[in-house]
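Chemist: Following the hints, position chain H against chain C.
Those protein sequences? They're chains C and H, same order as listed.
The first sequence begins at 1 in the UniProt record's numbering and counts up by one.
The second sequence begins at 1 in the UniProt record's numbering and counts up by one.
Quick caveat, the hints were computed from the structure, so don't treat them as lab data.
In this text, a Cβ means the ideal position worked out from N, Cα and C, and glycines have one as well.
All clues given are correct.
Between beta-carbon pairs, the in silico distance windows are:
id, chain 1, residue 1, chain 2, residue 2, range
1, H, 160, C, 384, 40 to 46 Å
2, C, 206, H, 402, 32 to 38 Å
3, H, 160, C, 342, 33 to 39 Å
4, H, 13, C, 214, 43 to 49 Å
5, C, 403, H, 321, 48 to 54 Å
6, H, 400, C, 28, 49 to 55 Å
7, C, 449, H, 118, 55 to 61 Å
8, C, 362, H, 400, 34 to 40 Å
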Amino acid sequence: MSKDIRIRKGLNINLVGAAEQTTAKAVLSNVYAINLEDFHGITPKMLVKQGVEVKAGEGLFFNKSNPEMVFVSPVSGELVEIERGARRKILSIKILADKTQAVVEHGAFDAAKATSSQIKAHLLKTGCWPFIKQRPYDIIANPDTNPKSIFISGYTTAPLAANSDYVLQGKEKELQAAITALGKLTPGAVHVSVGVNSNSPLSGLSGLELHKVSGPHPAGLVGTQINKIDPINKGEVVWTVSPQDLVLIGELFLTGKFNADRIVALAGSSVKTPKYYITKIGAEIATFLYGSGVNNDNFRVINGDVLTGSKSRPDGHLGYYNNTVTAIPEGDDYELFGWALPVFNKISTTRALTFSWLNPKKKYDLNTNTNGEHRAFVVTGQYEEVFPMDIFPMQLLKACMIKDLDEMEQLGLYEVAPEDFALTEFICISKQPHQKIIREGLDLLYKEIG
Amino acid sequence: MSDKRLTFKKRLHILKHHYRDKKMAPAFNAIHTFLFSPDDTTHSGAHVRGADDLKRTMNMVIMALIPVLLFSMFNAGYQYYAAIDVANNVSREFSLWENFLTWDNFWIGIIKVLPLVVVSYGVGLLVEFIFAIIKGHEVEEGYLVTGMLVPLIVPIDTPLWMLAVAVVFGVVIGKEVFGGTGMNILNPALTIRAFLFFAYPTWMSGDKVWVYQAVERTGTPDAISGETVLGALAQNHLAELNYSVSDMFFGFIPGSVGETSTFLILLGGLFLIYTKIASWRIMVSAVIGSLVMGYIFNLVVDLGVISEASNFYGLMSFEYWKHLLVGGLAFGIVYMATDPVTGSQTNNGKWIYGFFIGFMSVMIRVFNPAYPEGVFLAILLMNVFAPTIDHYVVKANINKRLKRFKNATILPKDSDSRAEELKAETI
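Only chain C is shown next, with the shape it has when bound in the complex:
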């Protein structure tokens, strides 16, 4: 049964520097790093000590509150550094890669013949579990829960993000293996979405409920799709997996090996020849960034897309969940009467002497300037124009700010993740940090109720 979803509210942010659909091989990275910030809410307990040799797919640390949940190394090599911050909190784990890679062999695993608990145990043991996330709270899924359904979005609308249709090409077998396994973990359906006119490999698979999605960003966000297909109620749990991680999970089932290969879109106006690179999770960004060349010195490297990614540096490392790296110019300069003069080179949803409405297809070269100062919420009715969920965005943000648990719950905080508020944050006239507010709200709710 297929249900089409048409999103009307939203905004496509068209930027200069979309990745050309050709894939190059990135230079091998010397050092790979796992950044602990990628695993929100996980307290790590190390399994190996500094200086020890690990294989690719061998456990590095586990989740303190669930020792079965293992996080594995993307490559084989020597664990050279455990970077710690304040109160000895682990920030990142660095591995110096071997010349010849050794991989842990788990052996092929036929999910179709396994039970749900066998599949769970296998995913936990092999380090594939962290790819499964859950809502509410937007954290790594709790293996003890029983999700009412699982969502996978194969439709890309985020600005400059890696195109799912392109990166999944030729991966039908792996995707099918992963979806068969996931189907056993839920009594409900595995909902998979693709673009209306796409030739996504996902659309030919079985054991899933296919949805054709159209419309502007955030139509491609899994949160929007959940809200339209099967919204989350209090007490319910939904799992989400990004399609590229499905490939990794599927490959593990088929070959028994944890293969950390990633096709990454390198994009943004600061990149000379934006295109796709094949590399590994945790690889140093410089290994492919400089392969494409950069236009200037003063740019920002973003691990992820411009709306939801995290700030990084050329010597930073590819995030655990990312398949996009963006480089855009820093906007640390003043602009004479920037608030009063007509604006032609920036995006706006208003027409307040801003002219992006004249040509919605035009591509913009945006920088990291905030275009104004932080203020209290003043303007109303603006977020609703780009927020397709049946939720009052400003009221929910305010509930999070005043830490009113009842209101947060009633207004639908269970249904959202910070990324759902990236677009309202983008257009916010008061320059409020929406994603941070939602993240803090979710953390508070998790601590008090979850």
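Modeler: Relative to the frame of chain C, chain H by itself:
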């Protein structure tokens, strides 16, 4: 960009760091960010941001008010000379170029209207700066619009000291005690207007204050009338009404400084809707509300329920659509009711909120012959009710979610079955 400007920019940048964490930082930043939009970059969340900020938004409202201000400066003189001609029984033909857009008229505007603007901005911004420095927050842009609205909604002869006192009251009590722009419950400009009205009623109503010098000349041989259309209607002086519909629409009538020209206000309103700064929902529903109330009063008259001798006859029999052309109704709907901070914040709430503003305005207008203008009271009243309206609109969304929740399929966890308990707890 010339070298000189570069150094100016650099110098300001150095000064900004010099002032950082000092008491005067908000004052310096207010001036700095007026000249240059800041060099701040994003730190959390989205790395790129939209083009609009609060300064730009507020600036749009000011732009929509400029034509009204200019018109009011000419009208100030025009009403003055027209009243003198009436007093001397000189009849004159109206001509836009020969007796409206003249230097003589504009001069009256310069000596009477401009000082109101200067005092309003001067005093109001001073209070804003003082509060920003004491409380250590940035100077926020709200007053840029308030400061422009205030001179346009008072009678022309309002003494400047009175305006200054009212502005201090309005900004401090109406806004700063709540925490500044974005936190206030009542529209600051209308708080100022209400303060003036209740503190100095003789200066704010009657048949003298609306035309320059009408008060001073009272009792002298040079006495002139300063009666507004609504004033005349409220007194049942129907015979004295010699303004045509076009006079009323284009605004060649006496009244508060900037409220008279429905035509320019309409253009301003369309500009604000087009730029998506003000809510069209509030404007449309307020117009509907006022038409409905006016029409009901017309029906009462048509049915013969009240006699011509009644106090209310003049205003009740006033054709319903003409209410939008006289008094401050159009101005209030376009520039005051649409204030996003004090108005309803939900889209459905805006329909209700706007409707009642129009509805109540005309009702107060008719039933209060002593002061036949109810717009500011109606808007202030609805400001108070806006959170209640929003509460019920949001409640509807919450109820929808609760209803969905009752049909929820909460699956037991693998390890325990707390889910059922949880469900029972919440229902």
